[in-house]
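Enquirer: Protein sequence lines, in the order shown, are assigned to chains A and B.
The first sequence begins at 0 in numbering that gives the first Met the number 0 and counts up by one.
The second sequence begins at 0 in numbering that gives the first Met the number 0 and counts up by one.
Honestly, the hints are just simulated from the structure, not real lab data.
Ideal Cβ positions, reconstructed from N, Cα and C, are used throughout, including at glycine.
There's no promise every hint is true.
[As the list claims (entries may be wrong)] These stretches of chain A come out as covered by chain B in the derived footprint (C-beta under 8 Å, 3 or more residues): (1) 77-85; (2) 89-97; (3) 104-110; (4) 116-128.
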Amino acid sequence: MNSAAELRVDQVHVWRGDRHVLQGVTLHIRRGELLHVSGPNGAGKTTLLRVVSGLLRPESGAVTWNGVAIGQAREVYQRDLAYASHEPALKSDLTPLENLRFMVGLKRRVSRGELLGSLQRTGVADCADLPARVLSAGQRRRVAMARVLASAAPLWLLDEPYTNLDSAGSGLLSSLLEEHVAAGGLAVVVAHQPLELAGTRQFGLHA
Amino acid sequence: MSAGVDVGVWRALGLVLERELLLSFRRPDQLLQPLVFFLIVTTLFPLGLSVQLSLLREMAPGVLWVSALLASLLSLDSLFKSDADDGTLEQLALSGQGLVVIVVAKTLAHWLVSGASLVLLAPLVGTALAIPVGAFGTMLASLALGTLTLSWLGAIGAGLTVGLKRGNVILSLIVLPLAMPLLIFGAGATDRAISGTSTGGALYLLGALCVLTCTLAPFAASAALRITLE
């Protein structure tokens, strides 16, 4: 991984209709750091994550990855990025393994064994060949986490990843985050509950 | 932790194509709906008209083409919608592959499932509509070009309307006017083949429209998708 991996968000403004959702947000995160974004409902946490992912273009301001504006090297940036929105983003007619094969397979060449390994890590390997529609909300969340894990991306953007997870699942997610950060990864995590992991910095958004 | 070996454009194209086809075969009702519609409409016409064979033969190209267009339009609505609803469209847009590649693969898959299967069914329908076997070649060629062009046009419309609640009405309003040339030249080519005159001009024009849409539509559709994703 690039030793100088860093993400910068500089003076980002976003309007939604008449609402000024993000008012000059500036943040900076380097390898080995986890940014915990918190704030009341409607403060713009998801909007911020979508701006950082490149899905939403801000009205003004810049997002740079390793010093390059993300719009300039979009494909390169996207391969370094694993985004998990508040929906698990699974095709319910496909199995978790197929879901992962198509989504992770677009980012990098990946073997079935590797995908099964990440499903095993998140504790859903026994449902790998069931249609995703029969999985519970928590299991779907775990499959989404396996997708992030298997993408081997240095930058994780997670929107409410603790939703629907049982206590064992929350513990697992926390340890995955800690491992990722300890291995030199970066993570931006939107979560309501307090996050006290090694390398965590807090970032509050106000409505 | 490495990004691994890069995934090339062809591999990505194949992967998305495989995904779409697999999804269609898991949902056979979506696969069959346009085909059944095509069959029903084309068999209703001879029943509703008088039983004069010459009249039927005269109407056949128009009937065939209008039902093929509408059948193909039926399935366009779901081209991007189901992916947008479950959040996988965002993942595809962030996959590190250009959105254009995704659009091309999804549109080709749509054509294979709805357009190409209509073409395969057309000889049966053609027989029912008393189109002479000698005109089948032109009929199939024009239908293949026409449905492919319609899929590309539809991709633009589907990209623009994917964020709307009742997008399919607006989708038809956007796509059908653009599909008029297809209907005119497609039915025209089949008509000429039945009457035994030269079909070259109409087929070449259909081919030109197909090339035009398949080179420009992917860019227009991916631009439309990018806007609706915001």
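Enquirer: The structure should be examined with respect to each hint, and the outcome stated for every one.
Expert: Hint check:
no.: 1; hint: 77-85; in the structure: holds (count 6)
no.: 2; hint: 89-97; in the structure: holds (count 6)
no.: 3; hint: 104-110; in the structure: holds (count 6)
no.: 4; hint: 116-128; in the structure: violated (count 0)
Going through the hint list in order, the structure does not satisfy hint 4, though it satisfies all others.
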